[in-house]
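Protein chains: 2
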Amino acid sequence: MKNIFRLAIAAMAFATLVPAQAQFAKPEDAIKYRKASYTVMAAHFGRLGAMANGRAPYDAKTALENAELVSTMAKLPWAAYGEGTDKGDTRAKSEIWTESAKFKEASDKMQVEIGKLNVAAKAGSVDALKAAFGPAAASCKACHDNFRKD
Amino acid sequence: MKNIFRLAIAAMAFATLVPAQAQFAKPEDAIKYRKASYTVMAAHFGRLGAMANGRAPYDAKTALENAELVSTMAKLPWAAYGEGTDKGDTRAKSEIWTESAKFKEASDKMQVEIGKLNVAAKAGSVDALKAAFGPAAASCKACHDNFRKD
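Sequence order for the protein chains is A and B.
Numbering (the working numbering) for the first sequence: 1 to 150.
Numbering (the working numbering) for the second sequence: 1 to 150.
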């Protein structure tokens with residue numbers, strides 16, 4: 001009962017539009033979806049990193065396109081941590097649900113940093129991108145360290 | 001003439017894409033990325049379908065949010081069919097590469113229909129959504145039938 005209540009609170013905290021139950025037919029669909037959204041986000045985040053770290057030439061238009069995609073993707077996974085999605089093909093730690101306020105804080109922090117990364121990409125300078133990339137990457141890592149199994 | 005103009009725009013859009021080799025470190029990264037982009041797209045497309053088919057209540061704002069996400073995702077997978085991505089954890093048929101003009105035509109058709117779906121979602125009426133959803137779904141299916149293994 002306590003577990004169900006906790007999961008319900010988690011679902012309310014993370015669902016953006018409607019509860020996750022209404023958005024995904026099965027828990028495994030939600031897990032697949034949230035992993036997919038991270039995969040797409042990571043690919044575009046990696047391209048920004050390549051530019052920020054000088055492994056790829058800086059191009060303002062490409063940087064902005066990638067930053068906007070990262071920003072769009074960063075909004076998606078949170079609705080997919082509903083009931084029953086703690087088990088299965090996932091590296092999600094149980095702390096996501098047992099310490100849901102901390103998880104929400106970490107996910108909010110990430111979205112704030114991604115927002116700053118977007119502002120930096122719009123500024124159109126590689127220095128602005130470099131300055132914003134590190135904190136954004138750190139916000140990803142913080143969540144992985146605390147809420148994702150190795 | 002209108003068609004030629006449209007094709008020219010599509011060609012320009014395609015030409016601005018950086019070669020897939022430059023975007024993905026390994027072919028399996030590209031495969032994982034394109035599958036992830038389809039997964040996210042399908043989830044949001046499914047929510048539009050639920051509204052179009054009366055399985056979920058119509059809500060104009062939710063419809064538009066989902067349509068915009070589908071539209072964003074629909075641009076992504078095509079850069080991830082580069083060299084070496086025909087093998088591995090994929091249901092992609094070899095025809096994608098041996099009949100690449102047909103594949104491009106099918107992917108362009110899909111994007112045109114998704115564009116119309118977006119216009120319909122912006123119109124804010126369930127009837128507009130219903131009218132645009134069927135052709136959009138058919139354009140997805142056509143590509144699956146011809147270019148994806150069962």
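Please keep in mind that the hints were generated in silico from the structure rather than gathered at the bench.
In this text, all values refer to a predicted model and were calculated from it rather than measured experimentally.
Treat the hints with care, as some may be off.
If chains are identical, the list can't say which one is meant, so a pair holds when it fits in one copy or spans any two.
Straight-line Cα separation of at most 30 Å, DSS-like style, residue types lysine-lysine; simulated pairs [what the hints assert, rightly or not]:
hint, residue 1, residue 2
1, Lys130, Lys87
2, Lys104, Lys35
3, Lys93, Lys61
4, Lys26, Lys149
Results of checking the hints against the structure:
For the homomeric pair Lys130 and Lys87, neither the shortest alpha-carbon distance inside one copy (37 Å) nor that between copies (36 Å) is at most 30 Å. In this homomeric assembly, Lys104 and Lys35 come within 30 Å of each other (Cα to Cα) both inside a single copy, at 17 Å, and across copies, at 27 Å. For the homomeric pair Lys93 and Lys61, neither the shortest alpha-carbon distance inside one copy (37 Å) nor that between copies (33 Å) is at most 30 Å. Within a single copy, Lys26 and Lys149 get their C-alpha atoms as close as 22 Å, and across copies as close as 24 Å, so both meet the 30 Å cut-off.
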